[in-house]
Amino acid sequence: MQIRLPSPSRTHEHHRPPNPTTTRPRTRRPLWTPEPLDQTPGFPFDSSESPPAQTEQNSQSSNRTEPPPSTNREAMLKLARRTAMAERQAARRAARKQAVEDKSAKWTRIHQEARIARDLRGERAAARVARREDWEQGPLAPRRNSAAGDGRSSAQGLYYGSIGPERLKPESRLRDFEAEARCAWAGGTKHLCLAVGDRAVVLEGPEKGRIGTVKEVNAEKGWAVLNNVGVANIHLPEFIMPSAEEPVQPMEYAIPISSLRLVHPIPDPKTGALRDAIIRELVPHNITFDRQSRYVGWQRLVPGLNIQIPWPKREAQTYTDHKCDTLRVDVERKTYVPTLLKPPVPAAVIDELRNRYSKFRTRHEPEYVARKEAEAEAAAARAALASTMRTPLQEFHAETKRARLARGQPALSDEMLERIGQVIARNKERTLAAVGASEVAPPATSAPES
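Per our numbering, the sequence shown starts with residue 1163, numbered consecutively.
Among the hints, a few may not be true.
To be verified - For lysine to aspartate or glutamate, the following EDC-like pairs were computed, each having C-alpha atoms within a straight-line distance of at most 16 Å:
#1 K1352 - E1366
#2 K1352 - E1333
#3 K1521 - D1338
#4 K1265 - D1338
#5 K1268 - E1366
#6 K1352 - E1369
#7 K1534 - E1340
#8 K1590 - E1601
Unchecked claim - Label pairs and their calculated CB-CB ranges:
#9 R1453 - M1413: 37 to 43 Å
#10 A1252 - Y1530: 36 to 42 Å
#11 I1272 - N1395: 23 to 29 Å
Calculated from the structure, these hints are not laboratory results. The beta-carbon is built from N, C-alpha and C at its ideal position, and this holds for glycine as well.
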């Protein structure tokens, strides 16, 4: 294989070999030269050499290289700005994450409501068809309540008269104003005055007028479950059927809290005998907060009557003892007594409990603060040193600027103000003459009568 070299006449000038007689050797300048540790930042001479003689110019430059007194404050403000910026970034990330979660919950709620509405429409359409068939066919109408084959209805493909478990208790969370509207009569979602164990009556729906004990309450979703009230047949999913005794189980479905009212015995104002009364409104009263356990408690009151309704009694929980349980005497024994001479947490464990190099840190060690202040002073000294290396023209401009700042703002003399007034009057006359208008004198104002 032959390699064809370019001819000398076509060679670019950058590819020509350098002439050793006319070309100066090029030395590559390093991008960064490390300074010795024992040198003072901002000084160009080595610690082993003697400093140059102090001339008038050197004394002026040495006075200029001193860092300003606000360097330490600027270093601490820089750390504070870094922490504040990290907190703002974390807050924005949390807000974006919360927005994504809210949007996901919204779409989940919309899809679940649409699925339930679609099932209801299908059941209503099937009920209309069944009613028409029963009316037209009479005794020849299909028997829909009898299962075919493996126990499933041949008409719907499901167990007759049963609903799906997703309609038993809606899992989608309501919007805040919807949940507050449902729980308004019971004090709102934050201080709900309806608890497990209360007796409640149903005011709306097919179970209207029935009284039952509250079995479960969910304030965020705005529903409650009453014991043996609102029972429906639920067909279980395929993955639960093998472990269940029956494929259809009777369960209580959720009832909106807005359709319930509390039932409690109140003394009759005439006879004084206790009788059950429907309490249509409750308000929280005497709200307390325990700092140790973070527990928030309140009492419920009937507005207008000032009758306090006690909370239902909770059943005492029973625990079964085992051989591996720790004895109470061992639990209550004090094995560590802190003293004032010993820190509660060892110094070696503090860095394991929290991140030592966290950008959210607001309290710093003295060594770290001193190092940052030294870095700020070195940066200020380098900036001051750069201002000393000026050309004569730059020095002239700096002196001119200092003199101009020392003079301050110029003051207008009376002669200059008179000249400015003449120019304004002349321009005004020219403008009025150009548009063919004349100046109208303002009306004279009379002095107020005393």
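Now for the hints, and whether the structure bears them out:
As the CA atoms of K1352 and E1366 are separated by approximately 24 Å, the hinted pair breaks the 16 Å bound. Between K1352 and E1333 the alpha-carbon distance is near 19 Å, which puts this suggested pair outside the 16 Å criterion. A hinted pair counts as satisfied when its Cα atoms are at most 16 Å apart, and K1521 with D1338 does not qualify at roughly 35 Å. A hinted pair counts as satisfied when its Cα atoms are at most 16 Å apart, and K1265 with D1338 qualifies at roughly 14 Å.
For the suggested pair K1268 and E1366, the alpha carbons sit about 27 Å apart, so the restraint of at most 16 Å is broken. At roughly 28 Å between alpha-carbon atoms, K1352 and E1369 are farther apart than 16 Å, so this suggested pair is violated. Our distance criterion of 16 Å between C-alpha atoms is broken by K1534 and E1340, whose separation comes to about 54 Å. As the CA atoms of K1590 and E1601 are separated by approximately 9 Å, the hinted pair is consistent with the 16 Å bound.
Taking 37 to 43 Å as the suggested C-beta distance range, the pair R1453 and M1413 conforms, at roughly 41 Å. Between A1252 and Y1530, the C-beta spacing of about 22 Å breaks the proposed range 36 to 42 Å. Judged by the Cβ atoms, the range 23 to 29 Å given for I1272 and N1395 holds: they are separated by roughly 28 Å.
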